[in-house]
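Protein chains: 2
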Amino acid sequence: MSVFVTFKEIKEAAARINPFVHHTPVFTSKTINSICKAEVFFKAENLQKVGAFKARGAVNAVFSLDEESAGKGVATHSSGNHAAALAYAARCRGIEAHVVMPEGALPVKKAAVAGYGAKITYCESTLKAREAALAAVVEQTGAEFIHPYNDTRVIAGQATCALELMQQVSGLHTIITPVGGGGLLSGTALAVSALNPGTVVLGAEPAGADDAFRSLQAGKIIPMENPQTIADGLRTSLGELTFPIIQKYVKAIITVSEPAIMEAMRLIWERMKIVVEPSAAVTLAALLTRRNEIKGSRIGLVISGGNVDLDNLPWIKQKQPGQQSRNYL
Amino acid sequence: MSVFVTFKEIKEAAARINPFVHHTPVFTSKTINSICKAEVFFKAENLQKVGAFKARGAVNAVFSLDEESAGKGVATHSSGNHAAALAYAARCRGIEAHVVMPEGALPVKKAAVAGYGAKITYCESTLKAREAALAAVVEQTGAEFIHPYNDTRVIAGQATCALELMQQVSGLHTIITPVGGGGLLSGTALAVSALNPGTVVLGAEPAGADDAFRSLQAGKIIPMENPQTIADGLRTSLGELTFPIIQKYVKAIITVSEPAIMEAMRLIWERMKIVVEPSAAVTLAALLTRRNEIKGSRIGLVISGGNVDLDNLPWIKQKQPGQQSRNYL
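Protein sequences appear in the order of chains A and B.
Its first residue numbered 6, the first sequence is counted upward by one per residue in our numbering.
Its first residue numbered 6, the second sequence is counted upward by one per residue in our numbering.
Bound conformation, chain A alone (with noise of 0.2 Å):
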């Protein structure tokens, strides 16, 4: 494969993963397209299998790989939505996944993996002690390691959202996704930069975890090193493939604050009814940030999860003791 996804592989990845994930829907709301003065439409990967939009990668990447190397099963190390979408896949196809995930993972995450029989490795929360005990896995296993961006056939997946959405919404003048690792933003604007070059993509990052922000100005990759973000998914930092395709396909970055991120969350539950985690909502605050630039616009809006821990909810200041705080702002 190319370091560049082509279009073919992109519209093979849909034909591939079409039997195992849903076709999600398109929402919109009157109320939130009078806020932004814009025609808002809300792709719905919260209601993807999974949870999150992870599910397309991690089913591309497992059905492609050959009878042989899929025997000895899969590995990743993440604590995220990509270790649930990797069990999944791992399930549909009948093999064995391999999670290696840090011993203080939210249980909530550690079960949602278990649920779909995947193997985890617990380690230290450390990059350094994950990967020593991912690669243990893979020396003991033979397991093929997904990596959770950084990986040409789940950068192909997850190019198959802006597809959908490009098929299901005609006439968009932008589309925005949100950006952590870079694999939703990257197959997103290789899939519209094919298909439908004069639409504008932009990816959305939370300010405290604004490496693909800071990348693009620098060109080139500057990794995160300290994220302070509730965007829980969006503070890995941009990789070697997916860097040089936003670096080419995508317009722009909007960095957005925490204030803003919940902000946004808030308003698609209350005014969508529809569950989204913070990682999800950045591309509305993005918008509300920039909504003077944007008015009278068709906009795609990339709603990339709802993973979200219904006990800790960023807007509600609670007290239980012994817990410990997880109000960011």
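Hints should not be assumed to be uniformly reliable.
Identical chains blur together in the list; that is why a pair holds if it fits in one copy or across any two.
Said to hold, decoys possible - No more than 25 Å apart at the CA atoms, straight line, and that leaves these computed lysine-lysine pairs for DSS-like: (1) LYS77 / LYS35; (2) LYS114 / LYS35; (3) LYS225 / LYS133; (4) LYS225 / LYS115; (5) LYS225 / LYS253; (6) LYS114 / LYS322; (7) LYS35 / LYS124; (8) LYS115 / LYS35; (9) LYS13 / LYS322; (10) LYS256 / LYS114; (11) LYS13 / LYS253; (12) LYS16 / LYS114; (13) LYS225 / LYS77.
The hints are simulated quantities; they were obtained by calculation from the structure and are not laboratory data.
Position chain B against the provided structure of chain A, taking the given hints into account.
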């Protein structure tokens, strides 16, 4: 109009309200199917205009008025979804809506009603004070009183929800709706008995507001005197129009505990990624309570609304100085 609403009136209501309400989607969840050992279809009226099925009945009532009556406006007393629905319906027709609300109503509810342009009259929170304030408004303006459920036009409107559901999903063995005043349940029962008499219609009700259950047992309306439930939409009692319809066409009322309502609500949020209010979750709570009896069936559940106070979720114990506790359990 007859005491019972005809199927012709229901079909007329569907045509009348069509331009002003959403054709809401039906959602499914493999996890919930697996827990219930049944095929469950959720009719998502939380995505309806004003966030509840109440838009159907209110719009039908408002658009059933002749020009002269309409010109004098409409009025109701309510602090819930019917107030917002009537305000919305009146705005659609370009007429005035007068809403009598208790002073202590939640600010978010006041804002919703005011946001649709209704004129609000505040009163004390007793039924007597509400009725007196409403009578004064009607006397002064000549506005038509639209009762939240004890009105054939409202019942016909609510009936369109089941009509749609039966068009969207074939071969349902059972349909369950929440029951408060009985507008939705009686409308559903009429639509089902006309279109698909083999389908069983059940009502779901909090044990702490079980007037429908007790009224059916007694063979006469037994009003609820001191309802104790988190399901704020279901604290009302059956009306003289809704009771006989329910008595004739509804097979049973299933009562559910407060913990069961909360568990069902949370399950829907977590697994289906949609925001539903406690009153909407009683149907799934009923299904979970009776799951051994319905194994293998195809069940339709009406998710009646999604208007919930996001600052006060029932499963989060919080302490905010000066704020009254809203944890009912």
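Right, here's what the structure says about each hint:
In this homomeric assembly, LYS77 and LYS35 never come within 25 Å of each other (Cα to Cα): the closest approach is 50 Å inside a single copy and 28 Å across copies. For the homomeric pair LYS114 and LYS35, the shortest alpha-carbon distance between copies (19 Å) is at most 25 Å, but the shortest distance inside one copy (34 Å) is not. Taking the shortest Cα distances, LYS225 and LYS133 sit within 25 Å of each other inside one copy (23 Å), while across copies they are farther apart (71 Å). For the identical chains of this complex, LYS225 and LYS115 are neighbours neither inside a copy (35 Å) nor across copies (52 Å), given an alpha-carbon limit of 25 Å.
In this assembly of identical chains, the alpha carbons of LYS225 and LYS253 lie at most 25 Å apart only when taken from the same copy (12 Å versus 73 Å across copies). For a Cα distance limit of 25 Å, the shortest separation of LYS114 from LYS322 qualifies both inside one copy, at 22 Å, and across copies, at 22 Å. For the identical chains of this complex, LYS35 and LYS124 are inter-copy neighbours only, at 22 Å across copies versus 45 Å inside a copy, given an alpha-carbon limit of 25 Å. Only between protomers do LYS115 and LYS35 lie at most 25 Å apart by alpha-carbon distance; the minimum there is 20 Å, versus 38 Å within a single protomer.
In this assembly of identical chains, the alpha carbons of LYS13 and LYS322 never lie at most 25 Å apart, being 49 Å within a copy and 52 Å across copies at closest. Taking the closest pair of Cα atoms, LYS256 and LYS114 never come within 25 Å of each other, the shortest separation being 34 Å inside a single copy and 41 Å across copies. Proximity of LYS13 and LYS253 under a CA criterion of 25 Å is satisfied intra-copy only: 19 Å inside one chain copy versus 60 Å between copies. Neither within a single protomer nor between protomers do LYS16 and LYS114 lie at most 25 Å apart by alpha-carbon distance, with minima of 31 Å and 47 Å respectively.
Taking identical chains as interchangeable, the C-alpha atoms of LYS225 and LYS77 are never at most 25 Å apart, the minima being 36 Å within one chain and 68 Å between chains.
Hints 1, 4, 9, 10, 12 and 13, counting from the list given before, are not met by this structure.
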